[in-house]
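Trainee: Read off the chains here:
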Amino acid sequence: MGQKNINPLLDKYYQGETKLEEEALLKKEIRQGEDLFQEEKDIFEYFEQEAYVPENLESQIFENIQNIRNRSKIVRMAWFRYTSIAAAVCLFASVFWFTTKNQRAGELSQEEQFAILEQALFEISNSVQPAQNDDVLVLFQDENLEIVMN
Amino acid sequence: MTPEQFKIEVLPWSVKLFPMARRMLKSDSEAQDVIQEVMIKLWNKRDNLGEIEKPEAYILTLCRNHCLDVLKKKRARPAEEENDYKLVNIQQRTTDYDAREKLEIVHQIIESLPDKYREVIQYREIDGLDFEEIRALTGFEVPHIRVILSRARLKIKEEIRKIYDYGPKEHQSIAR
Chain Y
1 MGQKNINPLL
11 DKYYQGETKL
21 EEEALLKKEI
31 RQGEDLFQEE
41 KDIFEYFEQE
51 AYVPENLESQ
61 IFENIQNIRN
71 RSKIVRMAWF
81 RYTSIAAAVC
91 LFASVFWFTT
101 KNQRAGELSQ
111 EEQFAILEQA
121 LFEISNSVQP
131 AQNDDVLVLF
141 QDENLEIVMN
Chain R
1 MTPEQFKIEV
11 LPWSVKLFPM
21 ARRMLKSDSE
31 AQDVIQEVMI
41 KLWNKRDNLG
51 EIEKPEAYIL
61 TLCRNHCLDV
71 LKKKRARPAE
81 EENDYKLVNI
91 QQRTTDYDAR
101 EKLEIVHQII
111 ESLPDKYREV
121 IQYREIDGLD
131 FEEIRALTGF
141 EVPHIRVILS
151 RARLKIKEEI
161 RKIYDYGPKE
171 HQSIAR
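Heads up: the sequence lines are chains Y and R, in that order. In this text, residue positions in the first sequence follow this note's numbering: the first is 1, and each later residue adds one. In this text, residue positions in the second sequence follow this note's numbering: the first is 1, and each later residue adds one.
Since the hints were made in silico from the structure, they are not lab data. Please note that the accuracy of each hint is not assured.
The calculated SDA-like cross-link candidates involving lysine to any residue, where the alpha carbons are at most 20 Å apart (straight line), are [unchecked claim]:
#, chain 1, residue 1, chain 2, residue 2
1, Y, 19, Y, 35
2, Y, 101, Y, 85
3, R, 116, R, 137
4, Y, 27, R, 141
5, R, 72, R, 115
6, Y, 12, R, 154
7, Y, 41, R, 131
8, R, 162, Y, 90
9, R, 155, Y, 63
10, R, 7, Y, 19
11, R, 16, Y, 90
12, R, 16, R, 72
13, R, 155, R, 132
14, R, 41, Y, 35
15, R, 7, Y, 39
16, R, 16, Y, 101
17, R, 16, Y, 12
18, Y, 41, Y, 23
19, Y, 27, R, 150
20, R, 162, R, 131
21, R, 41, R, 76
22, Y, 12, Y, 39
23, Y, 19, R, 57
24, R, 157, R, 132
25, Y, 28, Y, 14
26, R, 157, Y, 31
27, Y, 19, R, 141
28, R, 7, Y, 12
29, R, 16, R, 131
30, R, 7, Y, 65
31, R, 16, Y, 14
32, Y, 4, Y, 55
Remember, it's a predicted structure, so these values are computed and weren't measured experimentally.
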């Protein structure tokens with residue numbers, strides 16, 4: 001593209017009427033050309049510098065996303081594993097605790113039952129045993145027989 | 001969306017978004033972090049991306065808002081040493097002192113433009129956004145964007161010409 005072609009495009013550029021592709025072409029021509037358009041050359045050089053993007057940015061970012069995805073998968077799997085282990089431990093612990101608690105409860109209730117039984121037997125024996133009553137009238141008494149009257 | 005589809009359709013946006021993120025955050029590494037977060041967000045939404053009416057506008061806005069969030073958090077932190085962005089980045093790639101000075105002059109002129117001129121110029125010239133994309137980010141209608149672009153381009157050239165005619169010292173007084 002010669003200077004003749006650059007000038008109209010540059011006018012269009014300053015009117016804000018150029019398309020992106022035209023601007024790219026214009027910038028390339030002026031930056032690579034001779035110093036006929038010194039101001040534009042410096043301005044376009046600045047834009048070029050500012051549009052700098054590190055090499056391999058895309059691939060680096062993609063790699064990092066992949067790593068994060070893999071890590072989250074591993075973490076999720078580890079989370080499941082540890083949760084299941086914890087759940088199993090909880091289950092065993094609770095079963096053990098309830099069993100021993102029940103055993104203890106059984107022992108206690110046996111003791112209680114024994115005490116109640118003891119009490120009951122004592123009461124029965126008391127009630128069965130005739131009360132010593134001084135107010136009875138002895139009608140007859142010998143070695144084998146005693147006839148009393150309440 | 002499969003990983004392969006994502007790689008072809010969405011991932012190239014990281015290259016397009018990078019200059020904008022770097023410009024806003026004034027740091028290459030922070031810009032890369034933000035782009036990565038944006039890409040992860042898009043990856044997580046990959047099955048619904050087809051339902052978004054204007055995916056370009058959505059992605060651009062997502063990235064810009066992400067950068068603004070990072071800036072907010074940064075401001076909330078106590079004074080942090082900020083890289084001298086313009087010098088660091090220009091020095092890295094340009095060793096020639098004169099060339100560097102020229103880039104610095106253009107940078108200062110663009111920075112001194114009114115906000116909407118500067119924004120539109122940067123979106124168009126550095127990020128290579130089309131008018132619809134600029135409209136999505138700025139809310140300006142396309143004819144207005146053309147006018148802003150035209151005025152901003154002419155203004156930059158005019159300022160540069162002044163400096164080249166009178167020397168850098170003159171520029172410093174203009175910039176002030």
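Trainee: Run every hint past the structure and note whether it holds.
Mentor: Verification of the hints:
no.: 1; hint: Y:19 to Y:35; result: violated, 24 Å
no.: 2; hint: Y:101 to Y:85; result: violated, 24 Å
no.: 3; hint: R:116 to R:137; result: holds, 11 Å
no.: 4; hint: Y:27 to R:141; result: violated, 25 Å
no.: 5; hint: R:72 to R:115; result: holds, 19 Å
no.: 6; hint: Y:12 to R:154; result: holds, 12 Å
no.: 7; hint: Y:41 to R:131; result: violated, 24 Å
no.: 8; hint: R:162 to Y:90; result: violated, 80 Å
no.: 9; hint: R:155 to Y:63; result: violated, 43 Å
no.: 10; hint: R:7 to Y:19; result: violated, 27 Å
no.: 11; hint: R:16 to Y:90; result: violated, 53 Å
no.: 12; hint: R:16 to R:72; result: violated, 23 Å
no.: 13; hint: R:155 to R:132; result: violated, 23 Å
no.: 14; hint: R:41 to Y:35; result: violated, 46 Å
no.: 15; hint: R:7 to Y:39; result: violated, 39 Å
no.: 16; hint: R:16 to Y:101; result: violated, 68 Å
no.: 17; hint: R:16 to Y:12; result: violated, 25 Å
no.: 18; hint: Y:41 to Y:23; result: holds, 13 Å
no.: 19; hint: Y:27 to R:150; result: holds, 16 Å
no.: 20; hint: R:162 to R:131; result: violated, 30 Å
no.: 21; hint: R:41 to R:76; result: violated, 24 Å
no.: 22; hint: Y:12 to Y:39; result: holds, 17 Å
no.: 23; hint: Y:19 to R:57; result: holds, 19 Å
no.: 24; hint: R:157 to R:132; result: violated, 25 Å
no.: 25; hint: Y:28 to Y:14; result: holds, 16 Å
no.: 26; hint: R:157 to Y:31; result: holds, 15 Å
no.: 27; hint: Y:19 to R:141; result: holds, 16 Å
no.: 28; hint: R:7 to Y:12; result: violated, 36 Å
no.: 29; hint: R:16 to R:131; result: holds, 15 Å
no.: 30; hint: R:7 to Y:65; result: holds, 11 Å
no.: 31; hint: R:16 to Y:14; result: violated, 24 Å
no.: 32; hint: Y:4 to Y:55; result: violated, 36 Å
This entry does not satisfy hints 1, 2, 4, 7, 8, 9, 10, 11, 12, 13, 14, 15, 16, 17, 20, 21, 24, 28, 31, 32, going by the numbered hints stated previously.
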